[in-house]
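Below, each chain spelled out in residue letters.
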Amino acid sequence: MGEATSTVVVGIGNDYRGDDGVGLHVARLVGGMACEDLKVVEGIADGYSLLETWTESSSVFIIDCAVSGATPGRTYRFDALRETIPGDLFDGRSTHAISLVEAIGLARTLGRLPRRLVVFGIEGADFSSGLGLSPEVKRAARATADGIVDELQKTRMTG
Amino acid sequence: MKSRIITVDYLARVEGEGGLSIRIKDDKVVEAKLKIFEPPRFFEGFLRGRSFTEVPDITARICGICPVAYQMSSSHAMETACGVSVEGPLRDLRRLLYCGEWIESHALHIYMLHAPDFLGYQDAVQLAQDHPDVVNRGLQLKKVGNDIITLVGGREIHPINPRVGGFYKVPAKKELDTLTERLKWATEAALETIRWSATLPFPDYEQDYEFVALRHPDEYPLNDGRVVSNRGLDISAEEFLDHFEEEQVKHSTSLHARIKERGEYLVGPMARYSLNFDKLPAAAQEAAGEAGLGRVCTNPFKSIIVRGVETLFACLEAQRIIEAYQAPESPCVEVKPRAATGHWCTEAPRGLLYHRYQIDDNGDIKDARIIPPTSQNQKAIENDLSHFVGDNLHLSQDDLTWRCEQMVRNYDPCISCSCHFLKLDIERE
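For the record, the sequence lines run as chains X and G. Number 102 in the numbering used here belongs to position 102 of the first sequence; there are no gaps in the numbering. Converting from the second sequence to the numbering used here requires adding 1000 to each position, the first position being numbered 1.
Pulled out of the complex, with its shape left as it was, chain X reads as follows (with noise of 0.2 Å):
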């Protein structure tokens, strides 16, 4: 296996259940706009296989859907080596997967972290049936889609 050099961005969410999909969106977003070579990752089975997506990659973000019942569109940013997400922000109950925080945990009880893993959650409002986003939640994921790609320019200059 070589050494690990890419970028990875995850979107994660259900683009047939509203703002559940904005991880998703925001990820196609990046895609479409990042100059650099990276990978766009979407429709990951379950928390486990979030760890097998940035096995090669030194650089990840991750980008969910938070239920914190904050102001839908609000937009939440963490350096995931460094700072602690709460628990509570990302809808991870499951009687059988792990959800995103204890993916991240997992990773780190197994020494498989990336060298650098940011992970962004955007509140959501409306969870109902159907395809598309919350005027406030599509304001908020263009915005953050904005950020990665100045993060990842500013970086590649930096070296």
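Source of the hints: derived by calculation from the structure; they are not laboratory data. Accuracy of the hints is not assured; some may be wrong.
To be verified - The calculated BS3-like cross-link candidates involving lysine-lysine, where the alpha carbons are at most 27 Å apart (straight line), are:
id, chain 1, residue 1, chain 2, residue 2
1, G, 1366, G, 1379
2, G, 1174, X, 39
3, G, 1366, G, 1033
4, G, 1250, G, 1035
5, G, 1173, X, 39
6, G, 1250, G, 1028
7, G, 1250, G, 1260
8, G, 1033, G, 1260
9, X, 39, G, 1169
As the list claims (entries may be wrong) - Just a sample of chain G residues kept apart from chain X, beta carbon distances all over 10 Å, derived:
id, residue
10, 1029
11, 1080
12, 1177
13, 1367
Glycine residues also receive a C-beta, built at the ideal position from the N, C-alpha and C atoms.
Since chain X is already given, all that's left is putting chain G on it; use the hints.
For chain G alone, kept in the frame of chain X given last:
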């Protein structure tokens, strides 16, 4: 008079929502219930009126762990209704896709859901703190299964490439060859899984089950075969409902299946293994023997070893298929609808999965019936709970509760799969 009640409100490390309740009176188990309270999902209901071509995509959504099983049983049932048989490389590709699902599903269950029970951990995250190599092996094995599904099925969850008649697109030989090295690693990892699982502490518990599984004259069953049992059953899928029936019970939103003549039975890895040991590759038979398994396994706690043996089989079978593969000229066989009824069974990781569809001349679905493995195993699970608790009343409440949860997880139940029956009767007093 001595009474005890064992209650687990929410079972962890099973797919879906369920609990269990056991009542003991005068040192006898008077009631053992696997309580399934996940809401019914009405899949059979909303399949009505949809086109026969839509079944693989709709039924895949029944389960996030075994969507391939639903795609396979539904596609085969539709092809049978329309008088079409999918053979050659397309049949092999379906088998390869199914191998991917067995590997990822078995690896998930063995390492993340079941192993913590044997070693005294609450979950895989805790297990990883003391046994990182074990958890890493499980994660990487699961990934190999997911990679097969992604390559053949188009994505790792709810694959988009399978269709009635075959696939939308078939891989080139050189694409499949990219899996070979990883499958060689997975084969060694599966062998290590068997050796390691054989060292786990197993309660001394054997039961005289009626095993039900597919059996095929030439292969370990995945997509094809007759429905057989160790008590003389030997029928085609078409005859399934002549011999099996489902009934509602108050404590479950999932129907309970039974053999009409005899009652409870067991499907899944132990049944497949015990009815098809002779069809396993020699390496898998040998590994099973070294792990202490006979040709028949009747201790449900040892199903973790059997899953390891089946994982090894799936790795070997996937390599065999890839080695022999030559891409077919067409990715699918044309399937023209006709008014008919089609039945089919395949072997989901958790056991026999029966589908039946009635369609009209346009291919519109008039009626659908799906009987998943967890529905079929509920009675066996409740009987196991009853027998095991009855024999182990000396254990403390905590130990007995732990063992009961472990007993349920022996079956790797998929509760979400089981909750999609058509009729909902509401009883009012």
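Numbers of unmet hints, in rising order: Those not satisfied are hints 1, 3.
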